[in-house]
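A.B. asks: Each chain, letter by letter, is given below.
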Amino acid sequence: MGARVRRALARLRAFVQPGALDRDFSEELESHLAMLIDDNLRRGMTREEARRAAVVRLGNPASLRARHRDVAGLPHAERLLQDLRFALRLVRKDPWFSATAVVTLAIGIGINALGFSIVNAAFLRGLPFARADRLSVVAWRPTEGRRQSLSYPELQDFRARSQTFTGLSAYLNGPVNLGDDMSQPERVRATWLTADAFELLGEQPVAGRGFATDDLREGAERIAIISSGLWRTRYGADPAVLGRAIRVNGDTATIVGVMGAGFAFPDNTDLWMPFVPTARQRQRDARVLLAFGRLRDGVDRAAAQAEMDDIAKQLIDAHPEVSRDLAGARVDTFTEAFVGGQARVMFLALMGAVCFVLLIACVNVANLLLARSVYRRREMALRAALGAGRGRLLRQLLVESAVLGVLGGALGLVLTTAGVRAFAAAIRDPGKPFWIVFDVDYVVFAYVAAVCVLTAVASGLAPALLTSRTRGGAVLDDDSRGSTASPRTRRLSGALIVTELALTVVLLVGAGLMIRSLFNVSRLDVGIRTDGLTLMPIRLLGPKYATADARRAFYDRLESRLAALAGVEAAALTTAVPPFDGGERLIEVEGKAPSGRRFVSIASVGDSFFAAVDVHTLRGRSFDAVPANASAGIVVVNDLLASRFFPGEDPVARRIRLRRPGAAADGASEPWLTIVGVTSTIRQGSIRDRTPNPVAYLPYRQSPPQEAFLLARSRLSPAVVLSEVRREAQSIDRDQPVPSIQTVREMIDESTWHFHAFGNAFGILGLMALILSSVGVYGVGAYAASQRASEIGIRMALGATGRQVLWLILRRGMRQLAWGLTIGVAAAFAVSRVLSGMLVGLGPADPVTFVSIAALLALVSTAACVVPARRASRIDPVDAIRQP
Amino acid sequence: VTDKSEILQGTLDLMVLKALDALGPLHGYGIARRIEQISEDALQINQGTIYLCLVRLLQSGWISASWGASENNRRAKYYAITAAGRRQLAVEAANWERVSGTIGRLLQLLPRR
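Protein chains in written order, with my numbering: chain S, 1 to 884; chain Z, 1001 to 1113.
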């Protein structure tokens, strides 16, 4: 064993410094030869004889040196190094070829790694805590829907019965109004955590203390821990912040700790407080907690899932009255719990698209290598004649494409880094969990390295297999003038072009669908006048606003104060800013049997809502014409609702009833509402609705919401409006924040942000694919034409017209295009369905997109074929035939 | 050319080690001569191949090498057996004797008629 290791090390040493070893050995052979000659001379030979005999006795020095090197060093590594040197020389010798291949691969790899970086950040990396892969989210699995929170008694049951988790904590999220005696009240994201949560995560405050069991007693003094960000922005990084009194939704609390930078668990939280259940929260059906735990060592997720499901079934059996909608338990990773549904599909579609771009790049480079292989047939034949086996040739060719792959990868990594930076800067989704950070980390680096190798093999293997297929001498005697691509090479090249075109069709169709959706979204007619219209979110939180009367009083006072402000034309409260709605209800018309689609959208609005959005009542009255004390039991509907549920009738003074979907079917508890007016149709629903919804507008006074938006129409700048509204709001309640203002246009743009982002991303990817594949088509066409130059010359000398020659060259390209389009369209039909959840106003098989994409690709590829074909048809036959 | 040396590889290792053990430090030519003499020139090896064997033995740490002056005052590389080499020699020699003994006995078997 020792001898073997020593030998390997000695070989490595010899490999690293081959020169010294060679010199030493040469010297030794020299001295050996001299001694042999001496002996021979002594035996009476002449000097000449002595020398010859000595060389015969010793053996051929060159061959000995070569064998010595094999034994002493690492012959395989040495040959690899030789191949590498040769490959680098080839890169320099053929700069245009190399540049084309490297840039193509750099685009392919760079874009692919960019896609991977995004997926890595969103799905793979997970939470930045110690052994975060052991953290799991535990929730109910309802019969319908994905996930249902736990109640406090249920959390305790799960915790007591579970063997697979070392601990089970829970949290409750929500915004709070943070006030103190220093600065403006502010709305921040708060999280109430059970006591052991920080220990479970393995995180503690960097200043001050965490939660103690004493903090959980009922009636204990309220405490809070703040984030490093809040400490910096609101408290100027003041070390004396510990012990400071703050007001959280009006209740006094003391800051006892500051978390480290970057900690924002679970979801961009700035303020943490211990969860002390209220009397209501101690009830079994008050399901407000999201539980999370750390898996015990050696327990896998499947075992935990099985155990939690068992416990869930026991609990369902024990408490059937509150468990009607529950099927079992769910154990997920944080990534699964937070980045699910639509976002996941979107990101995976993106990943698929970047893989297509990489494939197209590989196909292009494979075709380039294939084209070059024809020029290199003599070289290969010569190598084979000199004794290189097929394996040796194959290795050399693969090393060559590996060199191209690595160069492309290095350049691609630069592209990726720039791209990731641009993406991180462009993303402004406020709902993004704090642990998703878009950057290039070592995982991305390793991925790029792996992709380089894969790319080298994918683009190099087929050409290498074909190129290395040579018999020594077979081509040497061949006249180079006649050397054209073999049928096998031509077939492979054609297949590559067809593949490339088909991939491009799929990618372009995806891009086309996304871009058309984006187009549909941006020309969405909301039905209101948006200029000068701003919105400000208002939340009435905490016990002081627990009653409807308290909230109504606040809103009433705020609205009447704002109505008196100079410069504000109209201001109104609403639960839903168009194009969004404030929920859905099932409608029932008095005197008619319920039938058909009965879903309508609702919004609770203030008196001046229609004035603020500048929509005028068509028939009847609006709310502002109704005395405030008479607002109960009335409703305004849009004309779509009127025409759908009252066809050919006047709906004014008719009565309807609105029931929550899923509520008891009799609906008798819901009051009848009298329709007092009909407005023109405003889009209220979701961005993705193809057509507007029927909408019923209720006066907010009927049930004043906790959360609403204040809509204001004003010619003043938004900043001025905000400060005016703040002043008025805080003169009613000094702790009531008005956190921000946004124009309605900005809000619409922001809510369609991902359509823009993904539309642009897919657009860029599609464009890249189009460019790469047309470069590929052009390159192969130009190359084929140049190869057939002498053939064309002969044809023309024999009387072929330019048109005939043009068609001769073009025919092959057109056939490939037809195949590529056919296969591509079929594949796109199959694949585009995954995008259907992201499309607006069109289906995944949208004929306009398919036809225009096919036409676009046909046009561009034909152009890429025609250019070299025309050049070929203008050849001077004499030149072409004379050409060596 | 290589076939013979490959067949002889293990044997050659043993012979070189034994020669160095018995005669003390020698240069490559000296080793080659010694082996030829002992085998009474029956084993005519291509002298160069001895160096391939020496490299292996050196790498395994069984012999050491240093440059010195020959009896005729020529510069030559001298090889000497190391302690590890002696141990290896003992193992290989025992091995060889067992194998050759077995083969010897085998060859003495009378054919059954």
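None of these hints come from the bench; they were simulated from the model.
One or more hints might be untrue.
Residues of chain S clear of chain Z, computed beta-carbon distances all greater than 10 Å [claimed, not checked]: (1) 10; (2) 35; (3) 58; (4) 299; (5) 300; (6) 532; (7) 583; (8) 615; (9) 807.
Listed below are several chain Z residues computed to face chain S (Cβ distance under 8 Å; list not exhaustive) [what the hints assert, rightly or not]: (10) 1034; (11) 1047; (12) 1048; (13) 1051; (14) 1052; (15) 1059; (16) 1060; (17) 1066; (18) 1075; (19) 1076; (20) 1078; (21) 1100; (22) 1101; (23) 1105; (24) 1108; (25) 1112.
For every residue, glycine included, the Cβ atom is placed at its ideal position computed from N, Cα and C.
A.B. asks: Among the hints numbered above, which are violated by the structure, and what are their numbers in rising order?
C.D. replies: Of the numbered hints given earlier, those the structure breaks are 1, 2, 3, 10, 17, 20, 21, 22, 23, 24 and 25, listed in rising order.
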